[in-house]
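Q: Residues per chain are reported as follows:
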Amino acid sequence: MIVFENMSVTYPDRERPALEGVELAIGEGELALVVGPTGAGKSTLLRSVNGLVPHFSGGRLTGRVLVDGRSTADHRPRDLADVVGFVGQDPDATFVADIVEDELAYSMENLGLSPPTMRRRVEDVLDILNLHSLRQRAIMSLSGGQRQRVAIGAVLTAAPRLLVLDEPTSSLDPISAEEVLAALSRLVHDQGVTIVVAEHRLERIVHAADVIVSVPETAGGVRAGPPAAMLALSSVAPPIVRLAQVAGWDPLPLSVRDARRLAGGLRQRLVVRPAAVGRPTPGPVVATVRRLSARYGRLLALEGVSLDLAAGEVTAVMGRNGAGKTTLLRHLVGLRSPEQGSVTVQGRKPSEMRPAEAVRLVGLVPQDPASMLSADSVVAECRDADHDASLAPGRTRATLERLMPGLSDQIHPRDLSEGQRLALALAIVLAPAPPLILLDEPTRGLDYIAKSRLTVMLRDLAAEGHSVVLATHDVELVADTADRVVVLADGEIITDGPTREVVCHTPGLAPQVARILAPTEWLTVAEVESALVDSGSIR
Amino acid sequence: MARRLTTLRVAPLHPVAWWAWAILLAAAAARTTNPLCLGLILAVAGWVVVSRRPQSTWARSYGTLLRLGALVVVIRVVVQVLFGERIPGHTLFTIPSLALPSWLAGVTLGGPVTADAVVGAACQGLRLAAILGCVGAANALVSPFRLLRCVPAGLYEIAVAVTVAVSFTPQVIASIGKVRDARRLRGRAVSGPAGMRGLAVPVLEGALERSLALAASMDSRGFGRRAVSSTRQRLASAATLAGLLGLAVGVYGVLDSGAPSGLGLPVVGVGALLVIAGLVATSVGSRTRYRPDRWAGREWVTVVVSAAALAAVIVVGRRDAASLAMPVYPLALPAVPPLALLGLLLAALPSVVAPPPIDTSVR
Amino acid sequence: MSADATRHGATRFTRRGALAVAVASLVGLAALSWPLFVHLSAQNNQAHAGDAPWVMAAIIPLLLVALLGEVTTGGIDAKGVALLGVLGAIGAALRIPSGGTAGFEPTFFLLFPAGYVLGRHFGFLLGALTLFASALVTGGVGPWLPFQMMAAAWMAYGAGLLPRRRGRWELAILAGYAAVACLLYGLLTNLWFWPYGAGTTTSFSFQPGAGVGHNLARFLAFDVTTSLGFDIPRAVVNAVLVLTVGRPVIAALRRASHKAAFGAAVEVPAALVDRGSSELRPVPTPRGASAVFAAAEDAPDGAQQLRR
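Residue numbers (numbering that gives the first Met the number 0), protein chains in the order written: chain A, 0 to 538; chain B, 0 to 362; chain C, 0 to 307.
Bound conformation, chain A alone (with noise of 0.2 Å):
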């Protein structure tokens, strides 16, 4: 289906090609899943598939890309519709009409199909992505992963019969995520679509995987191989994976179901009891919240929500979206002055601080940490940060280095990735040295090297004594970091407790090593490996 014979990219103004020597061949029907750490050249792949590189972007290829016999030398994208369909990270940068089915078939009118072709394609996508009840919807009136799943039927009915797509899922929400791959194994596996795709979420898709696509950062090392055997080399890997290779697990198990089986046997050599890992006990109380109720026009988003935030402790607020997770995060950092109720952060009100006051208080990170930056390189926006909290020159470029070191300076915020925006925009809220901070969902769009590094770093602030706030889905995320975990219904507080008592006894928030060893209580492939040390079962 796709053939890659010896190619190579290099983009104007680079000197280095951004791959080189490519030799690879997807063959029909396959799903080929394509990792590797951000930046390493992923999208230039996927791009070059159906021609947007170098059509699009400018830029010399050298060898060949066949696609079912086509060659994207002589074929630009939109010459390759009907053969390949591409869907980019961000659903909403791609439509261009207003209601659902108008959408679904823009490709099709650019084909110039018969409009009883179109009807009969836009009935078979509706069903085939379950969006039939969305049909007369306005696009903007409908959730991340319902906008994500019209991206892709915008393309599917073009009839292609291969699919691309860049990262589809990594500015979604975790639930939103797992319905578009659900929706993209069942279109390999009812349909028999031929898929190309960069993912993060391993977990979610690996094991519909025929075969995964290396992308190291090297230029020339792009290689392809049947998924356990790549993913037994590659410094990516899902926690499945690794707890199979502290465990010694051969072949590897790709889900839950295969792990439980292979399970057993660990299951009794963790002869010790989990909690025996301990946490530091908490310090002192940062932060108040008291019977806080908040109302967006009729629609109720928190109900009577009390809580107290300790120094040295990470706590994990979850639940579904429009649970009120983000609202409680607005009042914590005064963005939203309480109706009803009140909060307080170290005996003051953040809503009726100076702005330049409060952020020595409480600081948030936003979903969108690019929103913050507005300089034109990194050292200028971290001499900014400076200037706005009247900190002394250099303190936030200090933090940063921390956080993430060896960025280069004068890089445009714009062209970070997003662990390294991310990173960034915790500095610039960190080098004031709140006591109370503020992360909202921070794990949208990194790769496992990034948010092992996230864990990291927010254990390092809680040990240091700030008390940390995350509203996040993630509960792999949840299980490294977090020492309790707070659950919102419907703006109310159902759940408050510690974290591996909350998450083992919601399947929903279980995450993969606790679903695989339950009912033992096991949270983290970092806890295993620790106790099977100890325990002297491996070195």
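Hints are supplied without guarantee of correctness; some may be wrong.
The calculated lysine to aspartate or glutamate pairs, modelled on EDC-like cross-linking and capped at a C-alpha distance of 16 Å, are [to be verified]:
#1 C:258 / A:414
#2 C:258 / A:172
#3 A:348 / A:338
#4 A:450 / A:440
#5 B:177 / A:440
#6 A:450 / A:12
#7 C:258 / B:208
#8 A:348 / A:307
#9 C:258 / A:375
No lab work stands behind these hints: they were computed from the structure.
Following the hints, complete the assembly by docking chains B and C onto the known chain A.
A: Only chains B and C this time, still in chain A's reference frame:
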């Protein structure tokens, strides 16, 4: 009822039919200053809007345009009171005169204010307000997206760009809110020039990134695939250019009485036809339309009743021009032209004929 | 980041397109300013004076669609369309809070840097489109719209003609131009409104048949008394915005234009270079078994006749 309509799609009235209805009604409004006629036109347009407008942001604009209409009436009256030409009539009160600099061509300020002048000005203002009401009705009744789907082939690219702009606007507004919050989170000023600067850059950068992603998506979905058949394209283009030249000559003809009599309106008409022909004839290659809006009985009824309203007003104007005007100098009660009023009432028919709107925001 | 990326601008008109802009602009200007130049004898001016406003109101939209159709058909690619749409959306969003309050219309502000950086042709399209999109969003489509679109298009086109300077002068020139252009915009759109808005019974109403000088003076009086109070603050606001926000906005636009690689060279394996970007060649119809849909259902050839 609402539930049934979302599953069974009743095609909304053709956007062009709504606009034709509104323009014809506005043309009728333009031919009269009789407050009875103008009031009826406002009422008819308002009634149709109330019964057939969809739940959407642009539908709320009707109120805005009505308020603008009221403002026009007020401005017109105030201007008349301050700067009006002084013609004797029922003097209401007198404001002191003020001589303005001589280069202002004899404009006078103040003087006696007559009831005739005020009522006359108010009725002229009301005429503009009625036109605004008709236009506002069309704005409220037609989704801009549907309207943009009706443009001729020659305007395809620009229509796509406008569609993108309209659908992206709410996202820009949301992103302005986000950036504003983020600035507070950094402890920065939110207002003033510094605030504007901090706002402009992240919003613009975000939007520009979006535009590139959108372009990639459009390109991958076959945008610009139209095969330009060059002879047809050249002909269409030539027709457009000739039409432009025709309009140029026609404008000269209309404006200059010294020009030959055939050079005015007829040439404008020919030019207009050529322009439209050029736009329609532009090659679209193999592009097709998904479920295009249909022009059926309802559409005809809508246009015909509105045309009838205009015709009634024209006929009355030919027979008895005075009955369509508000009598001032001397001031009197306005005439009641039955034929015109009846015709205008007919234009309310779309409130029954047009299908009720579909709600696109919720299931 | 050099000017290279922006030298050609984001879109280019053909020679025919440029001719269309010239003709349409001339006719448009005539149609806007007809009350000043109309020179009629007393007896037939009544008929003409009655027709003229309506004829002109119909001509401008025609001019505009002809023009836009002529310059965009096949002459603008996906990047140009997307950039137009997104920048138009920002303009429209800026229009919403202002709501005509005391002339504070930052809508125009973006047109100046955009025309300057992305080229006069792109500016022309953006000016027209911004006004159109904002009218659609705010429900302000009306007879005044084509005139506003035309005037805004000229404004942004002019920004593309400004001399290129570096450093301080760049902003000063742009801000000065912004102030003048905003005042002219007010004057032009007012010129359109004058015959209708001032009625026929005030001392600065349009007088059919009076001389150019006489009507010009009356018009200026109308402009000074009714709208200069809005136009001057608007000009000041936009000029100040250019001075304060212009630099980062220009930088952002240059960066975007560079990233979008307008006109960047595409190099592909040697034998295929020429065929790569020429006209669309017939592409094989997907007769092969599609994964999702049954084969042999497509009939692009039959599609033509079903097009409306």
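Q: Taking only the CA atoms, is the gap from residue 258 (chain C) to residue 208 (chain B) under or equal to 16 Å?
A: holds (9 Å)
Q: Given the hinted pair residue 348 (chain A) and residue 307 (chain A), is their alpha-carbon gap at most 16 Å?
A: Since the Cα atoms of residue 348 (chain A) and residue 307 (chain A) sit roughly 15 Å apart, the hinted pair holds (cutoff 16 Å).
Q: Taking 16 Å as the top limit, are the C-alpha atoms of residue 450 (chain A) and residue 12 (chain A) close enough?
A: Not OK: residue 450 (chain A) and residue 12 (chain A) at ~32 Å, beyond 16 Å, violated.
Q: Hinted pair, alpha-carbon criterion (16 Å max): residue 450 (chain A), residue 440 (chain A). Please report holds or violated.
A: This hinted pair holds, its Cα atoms lying about 12 Å apart.
Q: Given the hinted pair residue 258 (chain C) and residue 414 (chain A), is their alpha-carbon gap at most 16 Å?
A: holds (11 Å)
Q: Next pair to validate is residue 177 (chain B) with residue 440 (chain A); report whether the Cα-Cα distance is within 16 Å.
A: Between residue 177 (chain B) and residue 440 (chain A) the Cα gap is close to 15 Å, so the pair holds against 16 Å.
Q: Do the alpha carbons of residue 348 (chain A) and residue 338 (chain A) lie within 16 Å of each other, as the hint requires?
A: holds (13 Å)
Q: Please verify whether residue 258 (chain C) and residue 375 (chain A) have alpha carbons no more than 16 Å apart.
A: Measuring from Cα to Cα gives roughly 15 Å; hence the hint holds.
Q: Would the pair residue 258 (chain C) and residue 172 (chain A) pass a check requiring their Cα atoms to be no farther apart than 16 Å?
A: violated (28 Å)
Of the hints listed earlier, those the structure fails to meet are numbers 2 and 6, in rising order.
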